[in-house]
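Chain by chain, the residues run as shown.
Protein chains: 2
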Amino acid sequence: MLEEFFSPRSVAVVGVSRDEGKVGHIVFDNLRAGGFTGEVYPVNPGADDIHGFRCYPSVTAIDGDVDLAVIVVPARLADGVVRECGEKGIRSVVVITAGFKETGPAGAVLERALVETARSYGIRLLGPNCLGLISAHSALNASFAVTMPRAGSISFMSQSGALGTAVLDWTAGEGIGLANFVSLGNKADISEVDLVKAWADDPNTKVVAAYLEAVGDGRGFVDAVSALVRHKPFVALKSGVSDAGARAVSSHTGSLAGSERAYDAAFLKAGAIRAHTVEELFDVAMAFSRQPLPAGPGLIILTNAGGPAILATDACERNGVSLASLENDTISRLQEVLPEAAALYNPVDVLGDAPASRYENALRILVDDPNVRAVLVILTPQATTEAKLTADAIAQIARESGVTTLACFMGDTAVAQGVRALREGGIPHYPFPERAVATIAAMQKHRRTLEAPPSAPAPVEADRALVAEAIAHAKHAGRTFITEQSASRIAEAYGIPVPRGGLARDFAEARKMASEIGYPVVMKIASPDILHKSDIGGIQVGIEDEPALLVAYEEILARARSYMADARIWGVTLQQQVVDGREVIIGVNRDPQFGPLLMFGLGGIYVEVLKDVTFRLCPVTAEEAHRMLTEIRGFGLLRGARGQRPADLESVVDVITRISALVMDFDDITELDINPLIVHDRGDGSVAADIRIGIGG
Amino acid sequence: MLEEFFSPRSVAVVGVSRDEGKVGHIVFDNLRAGGFTGEVYPVNPGADDIHGFRCYPSVTAIDGDVDLAVIVVPARLADGVVRECGEKGIRSVVVITAGFKETGPAGAVLERALVETARSYGIRLLGPNCLGLISAHSALNASFAVTMPRAGSISFMSQSGALGTAVLDWTAGEGIGLANFVSLGNKADISEVDLVKAWADDPNTKVVAAYLEAVGDGRGFVDAVSALVRHKPFVALKSGVSDAGARAVSSHTGSLAGSERAYDAAFLKAGAIRAHTVEELFDVAMAFSRQPLPAGPGLIILTNAGGPAILATDACERNGVSLASLENDTISRLQEVLPEAAALYNPVDVLGDAPASRYENALRILVDDPNVRAVLVILTPQATTEAKLTADAIAQIARESGVTTLACFMGDTAVAQGVRALREGGIPHYPFPERAVATIAAMQKHRRTLEAPPSAPAPVEADRALVAEAIAHAKHAGRTFITEQSASRIAEAYGIPVPRGGLARDFAEARKMASEIGYPVVMKIASPDILHKSDIGGIQVGIEDEPALLVAYEEILARARSYMADARIWGVTLQQQVVDGREVIIGVNRDPQFGPLLMFGLGGIYVEVLKDVTFRLCPVTAEEAHRMLTEIRGFGLLRGARGQRPADLESVVDVITRISALVMDFDDITELDINPLIVHDRGDGSVAADIRIGIGG
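If you're matching them up, the sequences are chains A and B in order. Residue 1 is where the first sequence starts when you use the working numbering, and the numbers rise one by one after that. Residue 1 is where the second sequence starts when you use the working numbering, and the numbers rise one by one after that.
Honestly, the hints are just simulated from the structure, not real lab data. Please note that the accuracy of each hint is not assured.
[Claimed, not checked] Computed footprint of chain A on chain B; a stretch qualifies when at least three of its residues, placed anywhere within it, have a C-beta under 8 angstroms from a C-beta of chain A: (1) 18-30; (2) 272-279; (3) 377-386; (4) 404-414.
[Stated by the list, open to error] Here are a few chain B residues that face chain A, going by a calculated C-beta distance under 7 angstroms: (5) S160; (6) L163; (7) T165; (8) D169; (9) W170; (10) A305; (11) P308; (12) L311; (13) D314; (14) G352; (15) F432; (16) R633; (17) G634; (18) L637; (19) A641.
[Unchecked claim] DSS-like cross-link-like pairs, simulated, lysine-lysine; straight-line CA separation at most 27 angstroms: (20) K388(A) with K22(B); (21) K22(A) with K388(B); (22) K611(B) with K611(A).
Beta carbons: idealized from backbone N, C-alpha and C, even for Gly.
Whenever a hint applies, use it, and build me the whole structure from the sequences.
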């Protein structure tokens, strides 16, 4: 996909200016300076040649085939140029020009026209209002960013052009190589989803990194990233998390950011790694690009100083990175090569006077230990420290052993040579241990993502016709909500337990139904003319047996008649009386970007005051539902705290997956709340005591 | 304090070796290379001269006065050298030598002897097992760290020598200046507390930074830091937060780390700023050293690109940094100098093509706005960007306006000149916006610390004699706990409301007491031989009237007798039955380092499952107690959620301060729990339904 963007044989730059300060001139200069070896065609109707290159009056005037056109003409001319590209048979176009949607309604009109023209010719279009793109392995700099990155295996997309420029300059300084760089601009056609798909197939790309401000096609994004991460990690910094940030996004790109919760759930669903700062984004991407994934948990810290090792172990605790326990044999072997005062357990401290050979001896033993799946080597510059030689040894052992290896050489000039050697040897280096550990945590997270058995939601048997009819009926009646009775029937149709019950038209039916339901029961007057049943004594709870049932029946009917003599009375509804249990809430909200977002939490004050809830994007699998249960802070209350028996967790998982199936099947359901779901002790199931369903669309 | 350590007129180095690789040689070389202009005396009985310096056989053989002695002899000789220093009249000694407490019991014995010798001569001693110290303003490098920092205004102490070396090298590379550097070593005499006190008075020190693994004298630390922060900020990285980390500490320095909660509470009490990484430690310290404290809340972000500004606003949200709202007049003035497309609200975006003059014009207007108390200038390298000139303008305006100014020039070579100019101009620079914002957050926190009115705990009227006697009585009886009855009386003595009640020896007394207390009451068997009262039916609650009282009395006594025929029975205790209210827990635990640590939380599952609690070091003031209430996640339940009336918060604050007074008055109280304190609606007070007090000491 998008091959002509990243490996074109020929490139036309339309709008090349003779004026050196102009964007059109810079783009052309960058293209030449980048070392691109294909054909290059400058297009400018007012010039014969530029830098000795023959200049064409239009793309249609070019003799040879053109794979990629880069457009830098003024906004009002862009549409015409795209049309000419179409006529010329060019199918890949970058529009660097600004002045479109980001400037307001008039620009948005221009942008729509541009896209329609492109579509009519089958052209894929990057931009407008972007920096362009760079493909390091094709020596292609089709952007107005001056820096050509060294060829590496990180492909990076940025929804901010300026951030892209800064990152290109910064990665160059840090010696971080890139495979591709794309400035997304207004994403009029090519979006993050297209790039994720393109880079999934790109052999030069080992990891995909992204700076995103909003995602357009949420479901497409989740699907594309889910597919990608099976082969390569996806690390993204999504900004606009704050209200203030969200405002800045909308004024910046004119696009609306989806809710934070939905983004978190989408990243989780897709197996993406979410970075929270630019630094973290590249700390993690760099490690993925240079080192293999750890084969399992178990980090060993090798150090020549105690203090930094403590900082690293603290960071392991914070980040949930488990430390390796060494085999006895490993300890014995370490003992043979290390001084007596050395610490032989994790962290392994080779002491301040350690030369490179001591690090090397220890490291060779450590990577042999089956419990060691990742290594963090910490070095502080001391009198006899050999930073460069130590770095060389680390790189060699990492290469030979295949064990994931990161390093932290603390200091500046005293370790500079060592840091350079680490880079050259493919060892990710971090100036402080905390950043190295956070990176290991991200790698371990990705490993767990890959190791999790592929899980799909189990099919749910359901009476879909009943639900479709109930929704149609409510819509026909002009309602945006399903009635209580109907919501119960919808839930039942999806196998969600609701209190047993129904309408009894006379006492004989009531008696039969009550014995089927089982006492105690709740009785309510059934009349379309009586809305506030409890106000007139039309509800009775705790009916324990048949005599009480008769008394209740007579009384409720009498009260109804005395309240309104001519009320239409259908009879009474009977309902199983749901007794004690723990209350949870299961809710669904439809996110504009990502679709149904399912929430789980403890009911009542736990959700209202403590906001102790967790979210997943639908469809929610049983595995995910299980994890949701354990994620809330109050999980102990369900598991059985203070001597209580455990609640029936399986039944909650079951209800979650059924609710998920329901909202996935019916797009018309905009929101749904079971509040509360009464959860009984283990083995005794749960009951949806109150269900509200909102519809729309 | 400690003047001779930081500004000595003469220094003796004892144990100078002729062997270049030896520590003694390196220390002497460093001293000379650092540029120290005072007298320098090498001491080595086996040499006549070293590098042309006359060598002395011992310190006593030196003709002139010696202010400071640096000792690098083997551990077993150190004590003798300290004695000679004492004889010579030297009162300031650094023992770099290792091989003391950190090596085990034998080393600890050597160390104790060393300290005793020093004390007997009135010598202050730094170390042993340390790197030494550096005073940049005295050009004094009395350490074996090669790097002499450039003179600045950060004074840094490190409990890890290796971390110190690495930081010295790193700060040199980053252009961060230091006033003093001290490697604490084993802290046999001079501790972090001494240094905090010394640097409080040091005119060269504007900010104190520390890497600490443990604090010895917790109370002394809190007092010293509290006094320091009135004049200069204190920023510290305290490691060993994790269990794993704590193990590493104990194997590293032989000192025991206090509990994490206590350290957090101590830092809060003292007004210290706690950093979580080395990077953060110096990010913050550097800003304090170079820029004035913001005069109030209100940050303006000035940028030439949207993306990084969004990252900055996100970080503001995360860190609780409030953005400034600009005056209308400011907006109008900005409008006059900025292009039409510029964003005039916060963040102010001067657009990608902004030259230095546009930044300058905008910044001059912004620092005039009374709502702007801090500025973050973000710059991304674009075609027309003038990084160096922009930096110069920023530095000049910051100097002239006095408004706190930080900068983030993103990139590497493209902004290198600008970054250099920022450093030279005294503007703290951060490679990414998130770190700059976190630093602003720390500065704002320090400002709030300084602005908070000084608050002392209000005096509590109490019957201290009663408490002293109750404790003495329990100790005399060999108990580690105060009995329930006695604990109630202790609480009452400090004005803490407890349920009314007492011992009734017969039914007549019970009847009289119950009518005084008011029904309903709770009755319990009173017998020193029956411990688990409820197990034998020795407790009855909800006694509503006199007939029920008689039944309960007879039954309880009968059950007690049938349980143990010869039990000593004192009668029954009666207690007011405390009815409905919200349950909270107030507990105190005595931390070995920091003394009584008071916990507040909601009772029951909130503390047991949700761990929704907060801590303060005692004495807790009313202001602190108020803040504790709002800090728990479940505060909404106390304030009145779901239509409930607010709870009587004032009474909770009152109980907290009284408990605090009690445990401050009586060191013998090792732990105390009020669980639950039943809190009634506002105005109705609260009652300590159950009080447990542990004693010891």
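To see whether the hints hold, each was checked on the structure:
| no. | hint | verdict |
| --- | --- | --- |
| 1 | 18-30 | holds (count 3) |
| 2 | 272-279 | holds (count 4) |
| 3 | 377-386 | holds (count 5) |
| 4 | 404-414 | holds (count 5) |
| 5 | S160 | 2 angstroms, holds |
| 6 | L163 | 4 angstroms, holds |
| 7 | T165 | 6 angstroms, holds |
| 8 | D169 | 3 angstroms, holds |
| 9 | W170 | 5 angstroms, holds |
| 10 | A305 | 3 angstroms, holds |
| 11 | P308 | 6 angstroms, holds |
| 12 | L311 | 5 angstroms, holds |
| 13 | D314 | 4 angstroms, holds |
| 14 | G352 | 6 angstroms, holds |
| 15 | F432 | 5 angstroms, holds |
| 16 | R633 | 5 angstroms, holds |
| 17 | G634 | 6 angstroms, holds |
| 18 | L637 | 6 angstroms, holds |
| 19 | A641 | 5 angstroms, holds |
| 20 | K388(A) with K22(B) | 22 angstroms, holds |
| 21 | K22(A) with K388(B) | 22 angstroms, holds |
| 22 | K611(B) with K611(A) | 15 angstroms, holds |
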